[in-house]
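One-letter residues, chain by chain:
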Amino acid sequence: MRQSFAVGIGGAAGQGVATPGDIFAKVFSRRGLHLNAYNAYQSIIRGGHTFLVIRTGADPITNIGDQLDLLIPLNQDTMDRHLRLLGPGGACIYNADSIRPGTATQGVQLCPLPVATLADITRNKVAQNTLAIGAALSMLGIGFQSLESVLEEQFKKKDRSVIDENISVARAGYDYATQNFKPFAQPLAMTENRYAVLSGNAALAMGGAAAGVKFYCAYPMSPSTGVLHWMAEHARKANILVRQVEDEIGVINMAIGAAQAGVRAMCATSGGGFALMSEGLGLSAQAEIPVVVIDCQRAGPSTGVPTKTEQGDLWQMLGAAFGDYPRAIAAPLDIGDCFTLIPEMFNLVDRFQCPGIVLCDLLLAEGRLSVDPKLLNFRPPIDRGELIVSNGAADHEPYKRYLITESGVSPRAIPGIPGYTHVVSSDEHDEDGVLISDEYTNAAKRRAMMEKRMRKVSGIEASVAPPKLQGPANADVTLVGWGSTQGVIEEACELLKDEGITANQLQIRWLVPLHGDAIVEILKKAKHTIIVENNFSGQFARYLRSETSFVPDGSIRKYDGEPFMPHHIVEAVKEQLAGKTKLSVPAHEVMV
Amino acid sequence: MATTLEAPKTPAPKTNRLGLQAVDYRGAKTTLCAGCGHNAISERIIDAMYEMGVKPERVLKLSGIGCSSKSPTYFLGRAHGFNSVHGRMPSVATGALLANSSMLGIGVSGDGDTASIGLGQFAHLMRRNLPLIYIIEDNGVYGLTKGQFSATADVGSKLKTGVINELPAINTCAMAVDLGATFVGRSFSGDKKQLLSMLKAAIAHNGTVMLDVISPCVTFNDHEGSTKSYKYVQEHEDSIGEVGFVPFFDDISVDYDPGTTYDVQMHDGSHLKLRKLHEGYDPTNRIGAVKALMEAEERGEILTGVFYIDAKRPSFIDSLNLAPEPLATLPQDRVRPPRRVLDEIMQAHL
Numbered sequence: 000m001r002q003s004f005a006v007g008i009g010g011a012a013g014q015g016v017a018t019p020g021d022i023f024a025k026v027f028s029r030r031g032l033h034l035n036a037y038n039a040y041q042s043i044i045r046g047g048h049t050f051l052v053i054r055t056g057a058d059p060i061t062n063i064g065d066q067l068d069l070l071i072p073l074n075q076d077t078m079d080r081h082l083r084l085l086g087p088g089g090a091c092i093y094n095a096d097s098i099r100p101g102t103a104t105q106g107v108q109l110c111p112l113p114v115a116t117l118a119d120i121t122r123n124k125v126a127q128n129t130l131a132i133g134a135a136l137s138m139l140g141i142g143f144q145s146l147e148s149v150l151e152e153q154f155k156k157k158d159r160s161v162i163d164e165n166i167s168v169a170r171a172g173y174d175y176a177t178q179n180f181k182p183f184a185q186p187l188a189m190t191e192n193r194y195a196v197l198s199g200n201a202a203l204a205m206g207g208a209a210a211g212v213k214f215y216c217a218y219p220m221s222p223s224t225g226v227l228h229w230m231a232e233h234a235r236k237a238n239i240l241v242r243q244v245e246d247e248i249g250v251i252n253m254a255i256g257a258a259q260a261g262v263r264a265m266c267a268t269s270g271g272g273f274a275l276m277s278e279g280l281g282l283s284a285q286a287e288i289p290v291v292v293i294d295c296q297r298a299g300p301s302t303g304v305p306t307k308t309e310q311g312d313l314w315q316m317l318g319a320a321f322g323d324y325p326r327a328i329a330a331p332l333d334i335g336d337c338f339t340l341i342p343e344m345f346n347l348v349d350r351f352q353c354p355g356i357v358l359c360d361l362l363l364a365e366g367r368l369s370v371d372p373k374l375l376n377f378r379p380p381i382d383r384g385e386l387i388v389s390n391g392a393a394d395h396e397p398y399k400r401y402l403i404t405e406s407g408v409s410p411r412a413i414p415g416i417p418g419y420t421h422v423v424s425s426d427e428h429d430e431d432g433v434l435i436s437d438e439y440t441n442a443a444k445r446r447a448m449m450e451k452r453m454r455k456v457s458g459i460e461a462s463v464a465p466p467k468l469q470g471p472a473n474a475d476v477t478l479v480g481w482g483s484t485q486g487v488i489e490e491a492c493e494l495l496k497d498e499g500i501t502a503n504q505l506q507i508r509w510l511v512p513l514h515g516d517a518i519v520e521i522l523k524k525a526k527h528t529i530i531v532e533n534n535f536s537g538q539f540a541r542y543l544r545s546e547t548s549f550v551p552d553g554s555i556r557k558y559d560g561e562p563f564m565p566h567h568i569v570e571a572v573k574e575q576l577a578g579k580t581k582l583s584v585p586a587h588e589v590m591v
Numbered sequence: 000m001a002t003t004l005e006a007p008k009t010p011a012p013k014t015n016r017l018g019l020q021a022v023d024y025r026g027a028k029t030t031l032c033a034g035c036g037h038n039a040i041s042e043r044i045i046d047a048m049y050e051m052g053v054k055p056e057r058v059l060k061l062s063g064i065g066c067s068s069k070s071p072t073y074f075l076g077r078a079h080g081f082n083s084v085h086g087r088m089p090s091v092a093t094g095a096l097l098a099n100s101s102m103l104g105i106g107v108s109g110d111g112d113t114a115s116i117g118l119g120q121f122a123h124l125m126r127r128n129l130p131l132i133y134i135i136e137d138n139g140v141y142g143l144t145k146g147q148f149s150a151t152a153d154v155g156s157k158l159k160t161g162v163i164n165e166l167p168a169i170n171t172c173a174m175a176v177d178l179g180a181t182f183v184g185r186s187f188s189g190d191k192k193q194l195l196s197m198l199k200a201a202i203a204h205n206g207t208v209m210l211d212v213i214s215p216c217v218t219f220n221d222h223e224g225s226t227k228s229y230k231y232v233q234e235h236e237d238s239i240g241e242v243g244f245v246p247f248f249d250d251i252s253v254d255y256d257p258g259t260t261y262d263v264q265m266h267d268g269s270h271l272k273l274r275k276l277h278e279g280y281d282p283t284n285r286i287g288a289v290k291a292l293m294e295a296e297e298r299g300e301i302l303t304g305v306f307y308i309d310a311k312r313p314s315f316i317d318s319l320n321l322a323p324e325p326l327a328t329l330p331q332d333r334v335r336p337p338r339r340v341l342d343e344i345m346q347a348h349l
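Chain order of the listed sequences is Y and L.
With numbering that gives the first Met the number 0 applied, the first sequence covers 0 to 591.
With numbering that gives the first Met the number 0 applied, the second sequence covers 0 to 349.
Any given hint might turn out to be false.
Unchecked claim - Derived coverage of chain Y by chain L (criterion: at least 3 residues anywhere in the stretch with Cβ under 8 Å from a Cβ of chain L; other residues may be distant):
1) 198–209
2) 241–247
3) 259–270
4) 370–377
5) 513–521
Derived by calculation from the structure, the hints in this document are not laboratory data.
Note that the Cβ used here is the ideal one computed from N, Cα and C, for glycine as well.
Modelling step: build the complete structure from the supplied sequences, incorporating the hints.
Spelled out as structure tokens, the structure:
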């Protein structure tokens, strides 16, 4: 089992949950530890509630785990809701002046801080937060110096007096805990490694920069807005043209206009915005202009739950735009993959001149993960496919934008090059770009053009590797997931092993092309197959069945807005292997 | 005695300042109805581009969907083209011209494409002041779907079927002035001289040019009772001022009386000469422009001419302070942010 330590900090909006979160994340990452963080917003009771979990450890931490080791409730509500998540050996640090402790599990240490005695709360409104951080680090056996340097950095834009004030309050908490509280049994590990801490949205944006994206546009929509923020913040330095547009119809068409002019263009949205992009996606396909659209899924339909995660947009992606057309759809497996996938997707859509969809979700987009900087290749290969960017010296045949070729790919010239003038269009056209409805609606030309475009499908499939089984062969159970569930399924497999059940994992990254034959080849050898996904209807299971006729032995689904935790999967697998059910819908505990 | 007959000399073909002939600006044969106003507009665009000496390969023709949006095929066959989706040309044009501002963009739309399905896009395009000539070929009906009213049809206008339009027309010119377009005018496809001068001035302008060109639909909206018929427009046209244009490369100087003519010096050094027909009309005053448009509407008259011009406001491209080198033509080794910038970005995440 992986060694890890999880901190939960909760409070009402405005109580400052984010800052302690940032401080903990920095302290952990400076110690060379991995971390995974997820911020859950809860929209019950007065004015909302935020609960941030940061899990850290020397091994890769792929999800927020099953339980807390430390709880810092900033209000009574958090104490009441989350105290039970602490197991033996855990601790709860709270403001003794304003919060009544609840009944904790045996072996949980309750650590009341006399906040008004330790700090001047008339001057420092968030003194309780800073005191708690100081206390926590003392109990974790971390020297005060590491906290001091992080505080210096955290408040570097503030006055010296503010920095000093925070350091002295943190020191008071630290010293008080040293004298009054029992340290954790295991001091926090430390390594020589250094990781970057990224949100999925930042990773998607940075992946775009690495891919040579020169044009990014978006309409703000949770949970994808972080991509726009990153792009806007770095636009000038990174020489990327970034525009906020009036709506998503404008967004995709603007990206297509820029892409036709010759740049790599990208945009991001969530399900509702993507619905408006459907028309433009068809334009990209018909006019054969490559564009990359990111969909950060949130719980739908309609406005749905803007702050909650789901893998519910798959069929929208599969059915987006009318008519048949080549495209690529991929779901990143984790936050590091958000970075890696973007240049891959651009190379693919540039080569095959079609739209590409990156199917991310709130869990990754707004989550945080430590990523080894060595894995972030800012110089990935750029393959723009058959792109004509200059007139050249030699004479050439009269240019046909939609030349019929064996691969289905026609060399694409950017506008402005004499000798390569051409028309692109949303109407069906002939090789010259002349609209076929402008002469006779020519059945032979329509057929030839349709077949030309659809020939790209086999090229796209050949360019993407089929998925591989992870874990031991001949396992008792094979868990199939797609996209962001990679980490939690991986940990569930390890936990199952501890309980004597061998499990392996088939994680799908490329949804189109699917490589259905390769998937069935793997799954038909499996003893027991269960598809795990964060939606109601089993969207991937239905897709796999429609493409391959494969039906799994069981399904684990979750559609309450929260991500899977490892024990959800472990318990569901056990009940399914015991023959109790074929469909498990784990209940999400109060941890949100 | 044999006499040798000299072959008759063919006069050298007329060329423009680039040495190109008018034929170099033609497009494919039109498939629109004979007599369609749109064909006349295509001809004026050919004339204007030829006379201004625009290099056809530098032009990007953009359109949406509809009869109007088919027409870019019928002019400038040597230019690049993008037939986009219904009502979406403004955003396609914005993306294309931001990525490559060295192109001259000309967008052709219709009244359905602009004032109904594309109204949101139109409004936001006007706000940007993107350097783009935006032409509405305005006939008040949907032609390709057989003659339904569009949102620029006037109250009381009658369809062939006898249906009367009850909703007020969207005044695209007043909207454009209000929203920030820097060159707004209306013309009539049947008025060769005025339309040609306006198009030439449009080519010289650095910013969004919005031209609403009334262009009668001979098949569905040219009958008695229509307010967009040739006859009705000829009878109700009221010009706000005669439009004269002197391109920067012409040194012919004609004296104009400043009391009767408004002289606007344009971005490229050309001059737009607006002879005042409405007393006291000032084409640099937005409020006056909207007022004149509304008053004409009240009178049931079709106001034409250049209503508003601001030759000084920076275009979208200028205000974004883009590097002169278009992003679209950056060599591949320079499309990524420099190493130093990436290191700086990574440092912030460590």
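Structure-based check of all given hints:
1. Look at the region 198–209 of chain Y against chain L: 4 of its residues bring a Cβ nearer than 8 Å to a Cβ of that chain, three or more, so the hint holds.
2. Only residues whose beta carbon comes within less than 8 Å of a beta carbon in chain L count, and the region 241–247 of chain Y has 4; three or more means the coverage holds.
3. A count of 6 residues in the region 259–270 of chain Y with a Cβ less than 8 Å from any Cβ of chain L is obtained; the coverage claim is therefore met, three being the minimum.
4. Counting residues of the region 370–377 of chain Y whose beta carbon lies closer than 8 Å to any beta carbon of chain L gives 3, which reaches the threshold of three, so the coverage claim holds.
5. Counting residues of the region 513–521 of chain Y whose C-beta lies closer than 8 Å to any C-beta of chain L gives 0; at least three are required, and the coverage claim is violated.
When held up to the earlier numbered hints, the structure conflicts with hint 5 and nothing else.
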